[in-house]
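Asker: Here is how the chains run, residue by residue.
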Amino acid sequence: MKLQNFFKLLFFLLFFLLSLNSVAKESTEDRVKKLTLELRCMTCQNQSVSDSDSDFAKDISKIVEEKFKDGLSEKEIKIFLTDRYGEYILLKPYFNSKNLLLWLFPFVLVIASMFVFFKKIKKK
Amino acid sequence: MISLIGFFALCFSTIFSFTLLIPVSIFKINIKYFILIFRLSTFLVCISFISLIFAYVSSDFTNFNVFQNSHSDKPLIYKITGAWGNHEGSILLWICMISLYGFFYSLISKSANEFKILVLKFQSALFIIFALFIILTSNPFLVNSVFVEEGLGLNPILQDPALAIHPPMLYLGYVGFSLVFSLAIASLFRNNLDQDWINEARTWSMISWGFLTAGIALGSYWAYYELGWGGWWFWDPVENISLMPWIAGLALVHSLLMIRGEQAIEKWIVFLAILCFSLSILGTFLVRSGILTSVHSFASDASRGLFILLIFFLTTGFGFLIFLIKTPSKKDDLHLLLINKTSALIINNILMMITVFTILLGTIYPIIIEVLTNKRISVGGPYFNSTVLPILLPGFLLMSIAPVLSWKTNQIKKFRIYVICFLILSLIVSLQSYFTSFNTWGFIGLILGSWIIIASIISIMIRHRFSFTIKYITSINSFIAHIGVGVMIIGVTFSSIYQKEYNFNIEVGDKVSLENEILKFNDMQIIEEKNYQSLKANISIKKKNGNIIYIKPGKNYYPVSKMITTEAGIYHDWFKDIYITLGSENNNIWFIRVLINPLVSFIWLGVIIMVFSSAIAVIKK
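Residue numbers (my numbering), protein chains in the order written: chain A, 1 to 124; chain B, 1 to 621.
Don't read these hints as lab results, they were simulated from the structure.
Treat the hints with care, as some may be off.
Stated by the list, open to error - Below, in silico cross-link-like pairs of lysine to aspartate or glutamate (EDC-like), each with a Cα-Cα straight-line distance of 16 Å or less: (1) B:Lys500 with B:Glu517; (2) B:Lys562 with B:Glu529; (3) B:Lys555 with A:Asp53; (4) B:Lys375 with A:Asp53; (5) B:Lys500 with A:Asp51; (6) B:Lys500 with A:Asp83.
Using the sequences and the hints, build the whole thing.
Answerer: Printed below as a string of structure tokens:
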């Protein structure tokens, strides 16, 4: 096997594995943990709701758990929380026009540099 | 009195440094005297710093800085470290190190005299800029205008052994890049086509990077046991800021190790050297100005921030300007193949740069948005995890085989062995994750970490005959470093993904069961220490094999600053840490949080291996 093919295979494998993440099933407890890790404890300093044991964090965790039990999706809970507390509560900001630069910048850079790099190699 | 000596020493040191900047055309100075003056300046700034320490040790509250940050009740060690536990003192330490790096450079360097003088001139210029910053905005020797008998005390969370040496280590790293910066700029000025400066830059950037690694790790270790949040990395702005020069420094070190006389790479090295120090200053600015909210915001002041911003633009602007004007334009083609060593180096550098800029963007994006739209947003851990990790992934993969790639061709010796081993490893890891709970990132992390280790070991076995000599260790040094990274990846993966959390509300005497262990809450103790009161829960854990271990999480109350700190109780084991924090109390029922963190020790082990390997690289020459 050639080195290139080997690497191609590897990347394909990784990509496949990463996409598996989206179909995995989780319990409510896991979902609460996952979501609260993405929420800022507004009364602490740079701590997530999940990591904190402040009253605010406990309240939010309770709300999140109840909402999940009511059948709301992660997205709906996020919207509910940002309506109340503002987008500041999300440690992972929404993908919207305001945050376009934030989200696209790294991946555009990766793609652009890959493009340039392969062009250089092709030229040889 | 002692403060006065300190202040005058600082002023004279600055004045001496000024005399070094007089252009040769006006006054030609003999190299001997030049170096003598430089060393005298170093000596004076050290005197200045020592007198500050002395003021702290003797609890001299006529010094305003000591009054604000110290207390006579503190143990001696925290009196000493209190000297750099505040903004003014830490910047004094910073310039002390700028000067010391120049001093040691003047001792060790074997470069031509003119080049040496040029490097020391830039170093003095940097020294002067920061010395002025101290004298004008952050003087640690100010006199206290009122007479007091007692100081206000040092922030209790800073009273900790790891944090006592964390700032000096970190600064040795940050400031070390100032010398690399000076070297790079000097090489541009001299159109230095000989490769001497590359060798020197290699040594000094290796030293700086090693210290920076140790400094960051110490801070991280401190956060792990002192903050009591159960993690060791929080993507806190200040952590990000230290990570940026670290990654840029990593790219620099790799480029320096791999350069074989290519002009293009030399140019790139100069660029990285300037970038590294710029990022260090930018970090200082962002922390000191108080723009970012962080656990480090103990020293913030707008005017200081502005001054540092000025310094940042001055040095960075100057650096990059010289870079643009003076770089040699001679072009030679790089020998790129898919995949040989040169292209691996370039991919690794590109990925690291993208990572640096992503972290930078994520860290300052909330500020930009707030200025533009007046809305507050947060960019935290989850953002960085979902951008930085995928970007770094191909780099990690490449890393496993990079040292054995060849320069000229895209073949690897005995490639088949690597493929077979990789397939066997994947099979084992797949089986392992099939029988335990499957997690994608856990799977990838485990396979990546162990593959890096295995590939490095295979390479060592194929290429080097084992012997017990230093020469042998230096010849396999790159593999050792990469094994360190592999070990760390495994530690990071396990401790973050397979962490288990238990929360209990229990009374004294209660027993609860964890997965394999039985936890018993024995009693509560109150211990009076010299400068604080400590409340400790005595918890015993009976392990499966019958052994009993005791863990004592607690809270400390510092009467001087009226602050309570949490003290996590941690039981370290090679394979897992049992991490307990004590929460609030309600009718004698205590809230305790138990975290089982698997393989945390691997993280620290990995760091130690990396630092060890950078030390070897410094010796190697």
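Asker: Are the hints correct? Go through all of them and say.
Answerer: Evaluated hints:
no.	hint	in the structure
1	B:Lys500 with B:Glu517	holds, 13 Å
2	B:Lys562 with B:Glu529	holds, 15 Å
3	B:Lys555 with A:Asp53	holds, 14 Å
4	B:Lys375 with A:Asp53	violated, 27 Å
5	B:Lys500 with A:Asp51	holds, 13 Å
6	B:Lys500 with A:Asp83	violated, 32 Å
The earlier numbered hints that this structure contradicts are 4, 6.
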